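Undergrad: Take a look at the letters that make up each chain.
There are 2 protein chains.
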Amino acid sequence: MDTRKGFHQSLEELQRDLLKMGVMVEEAIFLAVKSLAQLDETIARQVVAGDDKVNELMVEIESSCLRLLALQQPMASDLRVIGTAMKIVTDLERIGDHAVDIAKTTIRLQGEKLLKPLVDTPRMADMTKDMLRDALNSYVKKDLEIARSLAKKDDAVDALFKQIFLELEELMGADPANVHQAILLLMVCRMLERIADHATNIGEWVIYMITGVRQELNH
Amino acid sequence: MDTRKGFHQSLEELQRDLLKMGVMVEEAIFLAVKSLAQLDETIARQVVAGDDKVNELMVEIESSCLRLLALQQPMASDLRVIGTAMKIVTDLERIGDHAVDIAKTTIRLQGEKLLKPLVDTPRMADMTKDMLRDALNSYVKKDLEIARSLAKKDDAVDALFKQIFLELEELMGADPANVHQAILLLMVCRMLERIADHATNIGEWVIYMITGVRQELNH
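Residue numbers (our numbering), protein chains in the order written: chain U, 850 to 1068; chain E, 850 to 1068.
Derived from the structure by calculation, the hints contain no laboratory data. Nothing false has been slipped in among the hints.
Some chain U residues well away from chain E (every beta-carbon gap over 10 Å; in silico):
| id | residue |
| --- | --- |
| 1 | THR891 |
| 2 | ARG894 |
| 3 | ASP969 |
| 4 | ASP983 |
| 5 | ASN986 |
| 6 | VAL989 |
| 7 | LYS991 |
| 8 | LEU993 |
To spell it out: a stretch of chain U is covered by chain E in this simulated footprint if at least three of its residues, at any positions, have a beta carbon under 8 Å from a beta carbon of chain E; those stretches are:
| id | region |
| --- | --- |
| 9 | 919-927 |
| 10 | 935-942 |
| 11 | 1028-1040 |
Where chain U lies over chain E, by a calculated footprint (3+ residues, C-beta under 8 Å):
| id | region |
| --- | --- |
| 12 | 903-915 |
| 13 | 922-929 |
| 14 | 932-938 |
| 15 | 1014-1022 |
| 16 | 1029-1035 |
Source: prediction; values computed, not measured. Beta carbons are placed, not taken as given, at the ideal position from N, Cα and C, and that holds for glycine.
Bound-form chain U, shown alone:
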């Protein structure tokens, strides 16, 4: 009995750590896009520096997962909860990396002015942040509906990405001087679109965790 109780406490700790990591990368996305919209190098460097903590937490969570798997011989459903945690942590880490890439774009653009005020990009960032929060909620609450809702939200992000893509393409066509910055801004949106994909991945893992069946949401 004691061992099982210890096991479930450890599982809860694991989930708390995952949520903590989720909040960290959510904050990183927000700050990275804020730094870009304001071309604020200080905020950008804060995001870059913060990624070490995200990576440390990832290593910690992975170690906990392996320890739990090896020492506790969990049953099928718990096994999926832990396996899912190992997958989610990879998606979160990649999201953190994308936030760093966005922040680095801010640093590269120091000394320039933005081609136009960023409106849609922060909106896209908000959408991906919401998706990430939903994805983690679906994991903690084991909520199939929330997990499934991510596919639709991912479509909305993809549509916005396409729209921004066309606008930037137009800016490049209009003046060669715009090309360099427009490409960088395009890459930023591409990363936000990838972040939404990662959130959708997490949703797929949660569906697998609850149902035992793997299902692709975004194809």
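We have chain U already, so just place chain E on it with the hints.
TA: Just chain E now, with coordinates in the frame of chain U:
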């Protein structure tokens, strides 16, 4: 004794499956970039269709990993071998997705002519394929040297990416009519660069597997 023997046989099977998956995505990269260089839609559709098999193998490998972890209570070093397999499989799946994205670019470009013959892009693809092969060899042979060599190769890929980036930027600046295709080609190279990152990730996992210490290679 029988259980341990069964365990090691299962481990070997797991590694064989991982290598098989590696060969599949290596082939997918090769075919995707070939389809692009020749604007061959048939090859491109072959890559897109082949991704299902990659995903099926991923699910199979992950299930084997979880089964091995839960049923066999492996010791620390075996634990790392299995945990590493679970991570590598994610990188391989992502590489497969990138190959599909490249193939889809070929499909989008049907009816167009290439702005210029692709020379550096296939070269970049070859470099990333070699890195992937090295990464998987380092896993199977538990070879620290090969794993560590990936960082240097990743730098070479990054350098080539920067060069192609500048060339495409120039093409866009020279003629607005080039913008659309140049962006798509840029995205392709960005994906190849990401594939190299995934190979480097695998190298990091192998270093962890051998030494028990996590170490970032490409920062």
